[in-house]
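Each chain, written out:
2 protein chains.
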Amino acid sequence: MDSRIELLCRSLPAKGLDAILVSNPYNRQYLTGFKARETDLSSSAGQVLATGQGVYLFTNPILAEQAKIETSGLELVVYEREPYVAIANAARGAGVKTLGFEPDSLTAAAFRALEQAAGKDIKLIATENAVEELRVRKDPEEITLIHKAVEITDRAFVEVTTGLTEGTTEAVLAWELEKAMRELGAEALAFDMVVGAGPNAALPHAIPSGKPIKAGEPVVIDMGARYEGYCADLTRTICIGQTSEQFRRIYDIVLRAQLAAESSIQAGQTASEADAFARRVIEDAGFGAEFNHSLGHGVGLAVHEVPRIGKDSPAVLEEGMVITVEPGIYIPGWGGVRIEDTVVVRESGIEILSQAPKEVFPV
Amino acid sequence: MDSRIELLCRSLPAKGLDAILVSNPYNRQYLTGFKARETDLSSSAGQVLATGQGVYLFTNPILAEQAKIETSGLELVVYEREPYVAIANAARGAGVKTLGFEPDSLTAAAFRALEQAAGKDIKLIATENAVEELRVRKDPEEITLIHKAVEITDRAFVEVTTGLTEGTTEAVLAWELEKAMRELGAEALAFDMVVGAGPNAALPHAIPSGKPIKAGEPVVIDMGARYEGYCADLTRTICIGQTSEQFRRIYDIVLRAQLAAESSIQAGQTASEADAFARRVIEDAGFGAEFNHSLGHGVGLAVHEVPRIGKDSPAVLEEGMVITVEPGIYIPGWGGVRIEDTVVVRESGIEILSQAPKEVFPV
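Sequence lines, in order, name chains A and B. Heads up: the first sequence begins at 543 in the working numbering, then just goes up one per residue. Heads up: the second sequence begins at 543 in the working numbering, then just goes up one per residue.
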């Protein structure tokens, strides 16, 4: 934990910063182990000030006890009403002249309060991905937690889809999957689940509806558990009863694209090269325009994090990155097929964490 | 729906505004019916620009279809990447010179983008509670939805606590209550549930833990369903097996305080007067210092909204406000008791929506 903060502090001089204020909840948990979550957009559960001199966690009285239990090796500052006065005072005390902040994780009102508290003697500088850069390579403990989230997700998928019958609605199926993940140990969903049947399967982010699932139509299920803060991301496309020729054809292309990518991706490639392994298969089959999203994205404390694995992504894949591999084909009016695994990038290939079967039919 | 936007627009000139940009998700749903929710702090599901000339809803391509289905009578603008350019262009087109914004509901980065897009010809002015002021009085349709959320909450509480046995953990009880609410029709929890047993009952915001519930100790349960966006908020304190004399004494004081407030509150009083009806009972019993929070708060699309019902709250209660009445006494090391109903303020008293029993023992 401490070495994460050390790495962050070591990166500050090159950014022209004496210190950084970390307001993003995932970054906060990553650096300190403090798991509290924001209850609404405008109130922060806590912020971290990392300076060369010392590290401070600012939180409110309601969360102070939890912060004491979950963190160590930092100075806890409990404020009643004015977090930014406390933050600016601590920064001033540590001799900070240039303070980085996260413009995507502070409200305009909070930034204004920070500006006023900082006054003229502390210069505020917007940062981009200062902590996210560190989060991108997962350490073994993080991979263990992601793996656990993946296992819960896989097991829930198999338990619930086995024996699934026609007429179950998308929303009921989604709730059964959620219940199964929670009862297998997920603390929450990693993201709002997608269950789209028939034409709804053509919407990459279909919201589970009251539509009953019919035999023969594609059902796209995109689901993930959260475990100790870490996310899994799994998509499978299933079909109850007899598949159509169209279904088998599309499914086969997507599966071949996914397997092609999974057998070719390795550390040292660019994300756009990784994307191309799958995209080429789909384009060659004549469905390039129907694969209208990126191949994948990083997964960790956030379900979507850097790097993006897309056509024009310059990021270079590195050992220890955890990413998704999720090609899809979507045909408006008919439906769609997407197949997604969560995988770890290794020097000589990838380690596939997701083990949910890729056969189409629920038994 | 339209009259809400009309009321908002009519309030703008007195605030020195030609138009207002509404970014808060609850305010957005209130004004337009658009139910999409933010998936993270830094990306907006949509924003509303209300001008005297017309009303615009800005959203991204993924949510455009949902926006079309859920809204009417406004101009839908779908942007790819630059919401604030689209927003500033629409404002400029409508001749807007002074544009209000919500500083608690825009990130610092978003505000910067808005400033740049607005340029020198549109002046940005921070607003406070411009829409929340309208939300504070609920119309009959809103009260019906809150009532439905309350009924789900009450039923789940009774179903799950009936026959509750010693040894059940706080976390298992919380999950059973959540499942029951979801299966009775809740779309989500209105807030993170509190289940605190024994000493944990002394923490007003106890996170359900692996602690098994023992006979004889107080168990504070604070729970609420969300239904069509609207929240319920219910607290009951229960005890498995024989209660101690201490428990009965504290419980009796809190219940008397709650009933005193419920029989006295009516429209026309200040929120601080409402708070005093309960606080006086607890102070007279010698536990003033142990009732360390406000009597209640408004409930609606947000589980905590204006008005706050506290010692120093100047707000005047009005017909149609929905508030909580929730006195409590907390004794560190022993536990606590809180009893909370969701109620509607009426001219001549209150209408109590919560009907969960206030007897202490699960049968």
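Among the hints, a few may not be true.
Put simply, identical chains are the same to the list, so a pair is met inside one copy or across any two.
[Said to hold, decoys possible] Simulated crosslink set (DSSO-like; lysine-lysine; CA at most 30 Å straight-line):
#: 1; residue 1: K853; residue 2: K900
#: 2; residue 1: K665; residue 2: K557
#: 3; residue 1: K557; residue 2: K853
#: 4; residue 1: K690; residue 2: K639
#: 5; residue 1: K662; residue 2: K753
#: 6; residue 1: K577; residue 2: K753
#: 7; residue 1: K753; residue 2: K610
#: 8; residue 1: K721; residue 2: K577
#: 9; residue 1: K756; residue 2: K610
#: 10; residue 1: K610; residue 2: K690
#: 11; residue 1: K721; residue 2: K753
Keep in mind the hints are simulated off the structure, nothing from the lab.
The hints, checked one at a time:
1. K853 / K900: within (25 Å within a copy, 60 Å between copies)
2. K665 / K557: within (13 Å within a copy, 33 Å between copies)
3. K557 / K853: Classified as within: same-chain Cα gap 29 Å, cross-chain 48 Å, threshold 30 Å.
4. K690 / K639: Neither: 43 Å inside a copy, 54 Å across copies.
5. K662 / K753: Neither way: K662 and K753 sit 59 Å apart in one copy and 50 Å across, limit 30 Å.
6. K577 / K753: between (37 Å within a copy, 19 Å between copies)
7. K753 / K610: between (47 Å within a copy, 19 Å between copies)
8. K721 / K577: both (23 Å within a copy, 24 Å between copies)
9. K756 / K610: For K756 and K610, only the inter-copy Cα distance (26 Å) is at most 30 Å; the intra-copy one is 52 Å.
10. K610 / K690: Only inside one copy: K610 and K690 sit 26 Å apart there, 39 Å across copies, limit 30 Å.
11. K721 / K753: Result: close both inside a copy and across copies, 20 Å intra and 22 Å inter.
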